[in-house]
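Could you build all of it, start to finish, from the sequences and the hints given here?
2 protein chains.
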Amino acid sequence: MNSQAAQNKSADDLGAFKAELVAVADATNATLDKLLPLVPGPENRVIEAMRYAALDGGKRLRPFLAVASGDLFDVPRARSLRAAAAVEMIHCYSLVHDDLPAMDDDDLRRGRPTVHKKFDEATAILAGDALLTEAFTVLADPATHPDGAVRANLVAELARASGVHGMVGGQMYDLRAAEVNPDDAGLKRLQNMKTGCIIAVACRMGAVLGGASPATVEALGQYGMDMGLAFQIADDVLDVESTAAETGKATGKDAAAGKATFVDRLGLEGAKNLAHSLVKQAGNHLAQFGNKANLLQQAAMFAVTRRN
Amino acid sequence: MNSQAAQNKSADDLGAFKAELVAVADATNATLDKLLPLVPGPENRVIEAMRYAALDGGKRLRPFLAVASGDLFDVPRARSLRAAAAVEMIHCYSLVHDDLPAMDDDDLRRGRPTVHKKFDEATAILAGDALLTEAFTVLADPATHPDGAVRANLVAELARASGVHGMVGGQMYDLRAAEVNPDDAGLKRLQNMKTGCIIAVACRMGAVLGGASPATVEALGQYGMDMGLAFQIADDVLDVESTAAETGKATGKDAAAGKATFVDRLGLEGAKNLAHSLVKQAGNHLAQFGNKANLLQQAAMFAVTRRN
Chain A
742 MNSQAAQNKS ADDLGAFKAE LVAVADATNA TLDKLLPLVP GPENRVIEAM RYAALDGGKR
802 LRPFLAVASG DLFDVPRARS LRAAAAVEMI HCYSLVHDDL PAMDDDDLRR GRPTVHKKFD
862 EATAILAGDA LLTEAFTVLA DPATHPDGAV RANLVAELAR ASGVHGMVGG QMYDLRAAEV
922 NPDDAGLKRL QNMKTGCIIA VACRMGAVLG GASPATVEAL GQYGMDMGLA FQIADDVLDV
982 ESTAAETGKA TGKDAAAGKA TFVDRLGLEG AKNLAHSLVK QAGNHLAQFG NKANLLQQAA
1042 MFAVTRRN
Chain B
742 MNSQAAQNKS ADDLGAFKAE LVAVADATNA TLDKLLPLVP GPENRVIEAM RYAALDGGKR
802 LRPFLAVASG DLFDVPRARS LRAAAAVEMI HCYSLVHDDL PAMDDDDLRR GRPTVHKKFD
862 EATAILAGDA LLTEAFTVLA DPATHPDGAV RANLVAELAR ASGVHGMVGG QMYDLRAAEV
922 NPDDAGLKRL QNMKTGCIIA VACRMGAVLG GASPATVEAL GQYGMDMGLA FQIADDVLDV
982 ESTAAETGKA TGKDAAAGKA TFVDRLGLEG AKNLAHSLVK QAGNHLAQFG NKANLLQQAA
1042 MFAVTRRN
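Same order as they appear, the protein sequences are chains A and B. Each residue of the first sequence is one higher than the one before, counting from 742 in my numbering. Each residue of the second sequence is one higher than the one before, counting from 742 in my numbering.
Just to be clear, a hint being listed does not mean it is correct.
The list cannot tell twin chains apart, which means a pair is met if one copy fits it or any two copies do.
Derived lysine to aspartate or glutamate pairs resembling DMTMM-like cross-links, with alpha carbons at most 25 Å apart [said to hold, decoys possible]:
#1 858 with 846
#2 1021 with 925
#3 929 with 846
#4 858 with 920
#5 929 with 789
For the record, the hints were derived by calculation from the structure and aren't laboratory data. These figures come from a predicted structure and were not determined experimentally.
Right, dumping it as structure tokens:
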């Protein structure tokens, strides 16, 4: 079986994962819908923008990871879906702010106008701020976990992954990449900060909710970090190979913006090979869970076989 | 003694408060300095911007309120100063984002270039995001309080006050004020959301750290809300009466922007009278603390007698 055939075979095996991804996406959407109720006042405009940004039919990979990690420890879905919603709020806020004219200046996201195009820049800034803030309201609520120490731990995890030593720092690094011209290790660090940290924390939060040991939380975090990097490399590959019609956003932008990617460094085939070896490495971190982690194994494979 | 003389007399009484305000400001600056360490990577640019925004010599009224409220319950300063730093990070992030071209478009803040003028817009957006995020990292850390439930409660308090039902909602409301044309009750609600919530939560957090009853937390919150509204009305008065040299920022901007203020509604004297009656009302919420709350009583008076 050649490499392409192996890849197709793997993709065929992802049926269970894909069904579960859709189920968790639906449950996440319902959770977000309840957590972001409209209000009668003039401030409602920002809630409309938050809902536009957060209820937009994304794949909900991060919520899936939070829920699937929680499932390993039999965490009630009512709890893990709140953590899932919180991490998705962070992800969605970052997209809203990244799309702003002063940042990546994108008009299109998942086939729809970006928030600042649909509303306006001020509303987009505020909607991002509010989604970021709301994530912590959700985690700190006793409905997420009866033990305050667990709630505080979830907040600490998500804030650390989202902040200057994680996602925001990665975005700053990315904006400076053309100037800094990072080596391969620097590029990996950039991607881990910008994308990996949030994917990893989704996995970690499921384990934290389940009262897992620090070593087990860390193993799931490493799984997430490796699959996150694979996911990002696959994104860069898609950016080169796909059309806007397939991905629902502008393509070829990385090259146009002079952004360093693993595709530049390693070529298309080299980047694909690295992504696949990261998927394998990600899977190794799940050894302790055996078959119970099959869906997470498939999620890692999906990260590099998806077409959008 | 006429009204002006009474005001001067009150101002003279504020010496103890003013000394304590400076002492807490110094301690807050030292705390923020430690909480925002520079790092070697390219993401350091955003930390520089965070430090520029957060270590800028503001009055630190909110930190003072968190610490003085904590003092009522003998909260160790090492803890209350962390809550103080967190609330100040939120305040500073809100200023950075409010100053952006898409929002209030201010070039000057406290006599210095605003963050997007000193750095650039993208860095200002990210620095605001990172300060907002860091506030929750600080609160969720066991150094803030050994009891996880208290930490989670602090996070819930600060997130609720900062989000769409508090500060961010107030900013949205404010941006739409010309269009919505709120009545006096609406204007009060706008100001309470935009400014009052964060001043109130500073007071509440000191009480939460001290294990105060919900009724006592609420009393301190009401004190903060009343003094916050007085503070905002005084700001509007200063906007009309002062020069940029005194306040360190552009003045007369509210009128130029067509923003509704209590000065428009009630005239200068009417607005000043309302502010003074709110100060009295704020003080009434402190009755249970007797002389122990003298500094907080003075803080409320200061809100309406300051010149910048």
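How the hints compare with the structure:
1. 858 with 846: Both, since 10 Å and 19 Å are each at most 25 Å.
2. 1021 with 925: Answer is within: at 20 Å inside a copy they meet the 25 Å cutoff, but 63 Å across does not.
3. 929 with 846: Classified as within; 24 Å inside a copy, 36 Å across copies.
4. 858 with 920: Only across copies: residue 858 and residue 920 sit 20 Å apart there, 29 Å inside one copy, limit 25 Å.
5. 929 with 789: Between copies, since 23 Å is at most 25 Å while 36 Å is not.
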